[in-house]
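Could you put together the complete structure from these sequences and hints?
Listed in order, the protein sequences are those of chains E and Y.
With the first sequence counted from 1, adding 1 to any position gets you our numbering.
With the second sequence counted from 1, adding 100 to any position gets you our numbering.
It is possible that part of the hints are untrue.
Stated by the list, open to error - Have a look at the derived ranges for each label pair, beta carbon to beta carbon:
(1) Y:Thr198 to E:Lys70: 20 to 30 Å
(2) E:Arg108 to Y:Thr176: 42 to 52 Å
(3) E:Glu67 to Y:Asn128: 42 to 52 Å
(4) Y:Met115 to E:Thr105: 43 to 53 Å
(5) E:Arg108 to Y:Glu168: 41 to 51 Å
(6) Y:Asp171 to E:Thr56: 34 to 44 Å
Derived by calculation from the structure, the hints in this document are not laboratory data.
Beta carbons are placed, not taken as given, at the ideal position from N, Cα and C, and that holds for glycine.
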Amino acid sequence: AQSVTQLGSHVSVSEGALVLLRCNYSSSVPPYLFWYVQYPNQGLQLLLKYTSAATLVKGINGFEAEFKKSETSFHLTKPSAHMSDAAEYFCAVSEGNEKLTFGTGTRLTIIP
Amino acid sequence: EPEVTQTPSHQVTQMGQEVILRCVPISNHLYFYWYRQILGQKVEFLVSFYNNEISEKSEIFDDQFSVERPDGSNFTLKIRSTKLEDSAMYFCASNPGTGANVLTFGAGSRLTVL
Numbered sequence: 002a003q004s005v006t007q008l009g010s011h012v013s014v015s016e017g018a019l020v021l022l023r024c025n026y027s028s029s030v031p032p033y034l035f036w037y038v039q040y041p042n043q044g045l046q047l048l049l050k051y052t053s054a055a056t057l058v059k060g061i062n063g064f065e066a067e068f069k070k071s072e073t074s075f076h077l078t079k080p081s082a083h084m085s086d087a088a089e090y091f092c093a094v095s096e097g098n099e100k101l102t103f104g105t106g107t108r109l110t111i112i113p
Numbered sequence: 101e102p103e104v105t106q107t108p109s110h111q112v113t114q115m116g117q118e119v120i121l122r123c124v125p126i127s128n129h130l131y132f133y134w135y136r137q138i139l140g141q142k143v144e145f146l147v148s149f150y151n152n153e154i155s156e157k158s159e160i161f162d163d164q165f166s167v168e169r170p171d172g173s174n175f176t177l178k179i180r181s182t183k184l185e186d187s188a189m190y191f192c193a194s195n196p197g198t199g200a201n202v203l204t205f206g207a208g209s210r211l212t213v214l
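This is the structure we're talking about:
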């Protein structure tokens, strides 16, 4: 069975500082991994995905994530936070054309 | 860019009433899903649909829930007799079914059961 753990339900960073949102996964087969972002009162927007190609994945809005099999991690980073990055971020895992299993989410707050 | 559209955006209903939430997935996609998100909680899988039948469903998806793709374009979620705990945001998603499992989500339908 697949699962995702997101460490830290709330993360606050200063504008211009590094953003690091943590995600660890469990999967019985090589996984597909995703980060979605949810802005207030909106749906889920795909930020980036890992599908067994390059381990460093670049997404939209300057975000990237690195797949580390040895650590079963897929942490999301952005070098310099912007006020518009304030949102809820969800890590998700899939084992193929199956359902996505989401983490509990991390609310990112940007301090001016 | 192709998108998944959902209607209504918000529905308020009385407990015990039937509700139908509608979704128009991306036209060439083959897999369809419903997820829900209770306020303040994580996004939970309800059901997946492929080749005109349910391919997987969660424990949440009990006999009160049903899905249908009546006309080849719409994908509906019906809740037969709503309960207070059905209040949530319901997200529809679709997946082309080619290679990676990249779901495109709709903006959601907020259901409030009174």
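Checklist entry - Honestly, do Arg108 (chain E) and Thr176 (chain Y) meet the 42 to 52 Å range at C-beta? => result violated (32 Å)
Checklist entry - So does Glu67 (chain E) sit 42 to 52 Å from Asn128 (chain Y), Cβ to Cβ? => result violated (32 Å)
Checklist entry - CB of Asp171 (chain Y) to CB of Thr56 (chain E), is that within 34 to 44 Å? => result holds (43 Å)
Item to check | Range hint 20 to 30 Å (beta carbons of Thr198 (chain Y) and Lys70 (chain E)) holds or violated | outcome: holds (24 Å)
Item to check | Distance restraint evaluation - Arg108 (chain E), Glu168 (chain Y), Cβ atoms, bounds 41 to 51 Å | outcome: violated (35 Å)
Next on the checklist: Can you tell me whether the CB distance of Met115 (chain Y) to Thr105 (chain E) sits inside 43 to 53 Å?
Outcome noted: Once the Cβ atoms are compared, 28 Å apart, the range 43 to 53 Å for Thr105 (chain E) and Met115 (chain Y) is violated.
When the structure is compared with the earlier hints, violations turn up for hints 2, 3, 4 and 5 and for no others.
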